[in-house]
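Here's the letter readout for the chains.
There are 2 protein chains.
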Amino acid sequence: MLASRIFINTLREAPAEAEIASHRLMLRAGYIEPLAAGIFNWQPLGLRVVQKIAGIVREEMNAAGAAEVLMPAVQPAELWHASGRWQVYGKELLRLQDRHERDYCVGPTHEEVVVDLVRRHVKSWRQLPLNLYQIQTKFRDEIRPRYGVMRAREFIMKDAYSFDRDAAGALASYQAMREAYSRIFDRIGLEYCIVAADSGAIGGSQSEEFLVLAASGEALLARAAAGYVNLDQVPCAAPDAKRPAAGEEMKKVDTPGVASIEELRGFLQQPPPPERCVKTMVAVGEKGMAAVLLAGADQLNLAKAGQHPAIGAGARLAEEAEVREAVGAGFGSLGPVGMPLPVVADLRLQPCADFACGANEDGKHLLGVNFGRDCPEPDYADLRLAAEGDAGADGKPLELRRGIEVGHIFYLGTKYSDAFKAVYESEDSGAQTMEMGCYGIGVTRIVAAAIEQGHDEHGVVLPAAIAPFEAAVLPLGHEEEVAKAARALYEALRAAGVDVLLDDRGLRAGRAFSDLDLVGVPHRLVVSKRSLAENATEYKPRTGGEARLLPLADAPAEIAKLVAAA
Amino acid sequence: MLASRIFINTLREAPAEAEIASHRLMLRAGYIEPLAAGIFNWQPLGLRVVQKIAGIVREEMNAAGAAEVLMPAVQPAELWHASGRWQVYGKELLRLQDRHERDYCVGPTHEEVVVDLVRRHVKSWRQLPLNLYQIQTKFRDEIRPRYGVMRAREFIMKDAYSFDRDAAGALASYQAMREAYSRIFDRIGLEYCIVAADSGAIGGSQSEEFLVLAASGEALLARAAAGYVNLDQVPCAAPDAKRPAAGEEMKKVDTPGVASIEELRGFLQQPPPPERCVKTMVAVGEKGMAAVLLAGADQLNLAKAGQHPAIGAGARLAEEAEVREAVGAGFGSLGPVGMPLPVVADLRLQPCADFACGANEDGKHLLGVNFGRDCPEPDYADLRLAAEGDAGADGKPLELRRGIEVGHIFYLGTKYSDAFKAVYESEDSGAQTMEMGCYGIGVTRIVAAAIEQGHDEHGVVLPAAIAPFEAAVLPLGHEEEVAKAARALYEALRAAGVDVLLDDRGLRAGRAFSDLDLVGVPHRLVVSKRSLAENATEYKPRTGGEARLLPLADAPAEIAKLVAAA
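Top line first, the protein sequences correspond to chains Y and A. Under the working numbering, think of the first position of the first sequence as -6, with each following residue one higher. Under the working numbering, think of the first position of the second sequence as -6, with each following residue one higher.
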């Protein structure tokens, strides 16, 4: 490729709105260009990285026996009604109507479409197992798209769906995908971990996430015996303190405008310590709605809340309007006294006496409250998110890290095959429902995750497997012989199988060097009158090495070897 | 690839709604599966054909110096307002609103997005010329999607956009694309032609279509000195007859319910011949609205109407409501007498006297009408579509064929770069507006067009370059040695670079043969106990050859040679 033709648009400064390194560098290196919130143009350099990732994903999916399909981006609403998700999915589902006023959506995922396709064609056990995948553009109408392509609205995903005769087969398919994913991330060259995850709205009973370790990740991880676990999977033990006897009378105070524990403590003359300020939230899940109580400084772990029988799976925080309807007061004024909803309290509140909480009346709080005396004893459960300083299972303090989710594998069971009546004739026991799994990889998100993990003060540092080019030849000077030798070296590198850029833009040396560093070319080969005097090119790796002369005749084989070894 | 894993879903019968061969065969061969009107799943076999076409397109576009990008499917309305097309585009534009009620569309084309991207980055003449392309899923909300992927709503297109310093550069870019397209269709292996075309709503002043010749094509072509021309580009000469003197008095007759020339002639006791029955329509273009008159049996050529100064570019037929408002009568009762709109008559009407026409009153016609006596002499122009039996430019009868549009190249000039102020600093004359071209290839439509051109009573017959597999190895019989030899042959073919399928489904011979013929595998290699007795495989080409034994040791090189020669 010639640099003059492939629209290299590097910037000296990143736009101010870019908050994380990968977003800044993808803009500066001209990988992407924003078009609207969470919607991007992929410029040639960025697209090359996407295509290299997609190529590795495709090879490993094919090697694992999966078959590639391409399902539509625009999906009819009927299928989503059949699964029940047209209602459930919420505003992230981009709904639309066609010219005949029929309902469609721009697909955020394809469980409905694929199970509909498979049930039409698979009739016999002989046709199973089956794994269909696609690499395709998806849309999720995120309320707050941010961090560039990390949390975009339009993005490219590899999604795969397995169909098996029974649960044992489905778990074998799941395991095969787990291994394929590991090979994919190994080949891409990322430091990643696999953690157990909550299945959330997708459904199913087993799932794991693949996370790229990076300080900017949204996922909180704790080191465990083998690798890492999701922080929300870390249980918190009950404190061994006993509850002291009540020492205060309950008293209602006016707290106009107070909306949080911090504000309450700032407002009161003699505030109780945070562990005696009770924070009350309302959680809603499959089973119902409940008030959840935590000590003031603790964070709610919704995954744990979802395990309580009064709340159930898919737990979320209630909206203020729902809370007001159920309780008669808004956020910031809630509490257990007179609470009409079931009350679940975190284990840490078990030894808590004489506490402050909302009065279930706007602008009022209660002080000196005691469970059992002023309100019924709540149900206690482990509700809080483990935090820095907590003890892990081994008794030692938790070691926390952050990760970026780039892959997710689910064993789905029969959730979708039941809804769509995806049955087959089994070998010996009549009609059976297929067992499914689904498996996603965020192809475009990997670009950002790889840059979060790989960058320095000069720009992007990507593994050669996914860098936009493996090498660049840069002629310096306007002499005819330099241009000719650079072209010959470029052709020789191509012939040696190296994905190489010829930087024919005629930039000054400093600008060209910083450009090639910024966009992340791992191997740079300068051709100049001086290097030609030695019949050589001046070779410099992007990281970890000084420039050195490499004989022109040896360079192609040498660079091909370095690329292969990376 | 193993046939047991890639979801081969052949059908004995095509669904009744499939009207043309390619649609029937794509359903029967399991290339596609309909999901909604004009929206399809691409199953593995069909997707392989799409990917092979896309691969050829990508290679030739890169070789022509174009750079690949990927623009979003979902586009903000602002850009379409800037070009004026948000209003103009009509209902084919799939509009939608996001969760914040902002307007977007699912892109049917990307002129707006690409010119916006380029104007942000190209500032200097040094950055031009530039050609950006993408291979991407598009959506056009066709009112009547039909013929499978031939006229689908969601489809894959390669769209390219060139940016040049001046018109001469733009025309050179246009020419480079014309040559790249020719190489693409040559490599795919289709019989095609290039014809001059009307630029239509895209704008611009020069355009050509690439058409695959096939009897089911929607485009009518006439053979010309070099290749073919679009039938609507064929001029029709003025007749050399002179107009006889008027012989009848004008007379108004009641014609209740008569809406066409055929109905008029059926209704009248002594109808004039069709060439003296004048058909009146109303055309609207950029410049205005006019009545257009044709002899009863002739068809209007809207492209020609658009060249008349009273009508102008983008000519279309007026809607009945528009006609009624302008004339006071509806379709079927229009005529030149008392017509308030400008009147343009086809050259064939010049020698026409004593004719019948509508009276511009519903349910009434006039007989014995004469130009110059009963109404003003109209403006005469070549308006009719040339037809079978007309003389061509060489005096011989026109030879007509049909074609399927698979590519279209446009020289756009500054239509979009003006609207978006896409200017650059020129080398010597200050700020200049970029000159643009745009170039489309219907990637998914090519699959259908290739099958229209290539099929027989057994199924799909595709060139090896785009067949789903180049060859298939088919073991017959359940003996261990057969399975082992088939697997070894399959591996040897892969090693020889042949894209080969191992048909491990264990079907009976007849079913497997008809399946492989139906899906269009060009080279079939059967391994059986009988063939192994000769240390051979039984080779049969999909078309034009008998089965013959091929020594196992020679088969890989032989098949690789046949594939390369195709």
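No wet-lab data here; the hints were simulated from the structure. One or more hints might be untrue.
[To be verified] If you want the footprint, here are the derived chain Y segments under chain A, 3+ residues with CB under 8 Å:
#	stretch
1	-3 to 8
2	23 to 34
3	53 to 62
[As the list claims (entries may be wrong)] Result set (DMTMM-like, lysine to aspartate or glutamate): computed pairs, CA atoms no more than 25 Å apart in a straight line:
#	chain 1	residue 1	chain 2	residue 2
4	Y	Lys116	A	Asp510
5	Y	Lys84	A	Glu71
6	Y	Lys116	A	Glu10
7	Y	Lys116	A	Glu26
8	A	Lys116	Y	Asp96
9	Y	Lys408	Y	Asp96
10	A	Lys414	Y	Glu26
11	A	Lys116	Y	Glu26
12	A	Lys84	Y	Asp96
13	Y	Lys414	A	Glu26
14	Y	Lys357	Y	Glu313
15	A	Lys84	Y	Glu71
From the three backbone atoms N, C-alpha and C, an ideal C-beta is built for every residue, glycine too.
| Is the Cα-Cα distance between Lys414/A and Glu26/Y 25 Å or less? | The given pair, whose Cα atoms are some 19 Å apart, holds under the 25 Å limit.
| Distance restraint between Lys84/Y and Glu71/A, which requires alpha-carbon spacing of 25 Å or less | Distance of about 22 Å is within 25 Å: holds.
| query | If you draw a straight line from the CA of Lys116/Y to the CA of Glu10/A, is it 25 Å or shorter? | reply | holds, 24 Å
| Given coverage of the stretch 53 to 62 of chain Y by chain A, tested with a Cβ cutoff of 8 Å and a minimum of 3 residues | holds (count 6)
| Lys116/A and Glu26/Y: Cα distance at most 25 Å? | holds, 16 Å
| Are the Cα atoms of Lys414/Y and Glu26/A separated by 25 Å or less? | The given pair, whose Cα atoms are some 18 Å apart, holds under the 25 Å limit.
| task | Sort out whether Glu26/A lies within 25 Å of Lys116/Y, counting only the CA atoms. | result | Given that 25 Å is the threshold and the Cα spacing comes to 16 Å, the pair holds.
| query | Can the restraint linking Lys357/Y and Glu313/Y be considered satisfied, given a maximum Cα separation of 25 Å? | reply | Cα-Cα ~17 Å, so holds.
| message | What's the verdict on Lys116/A and Asp96/Y, does the C-alpha distance respect the 25 Å limit or exceed it? | response | violated, 44 Å
| How does the coverage statement for the stretch 23 to 34 of chain Y fare against chain A, requiring three or more residues with Cβ below 8 Å from a Cβ of that chain? | holds (count 7)
| task | Examine the stretch -3 to 8 of chain Y for residues whose CB is less than 8 Å from any CB of chain A, and state whether their number is three or more. | result | holds (count 4)
| Hint consistency between Lys84/A and Asp96/Y [alpha-carbon to alpha-carbon, up to 25 Å] | holds, 15 Å
Hint 8 from the earlier list is the only one contradicted by this structure; the remaining hints agree with it.
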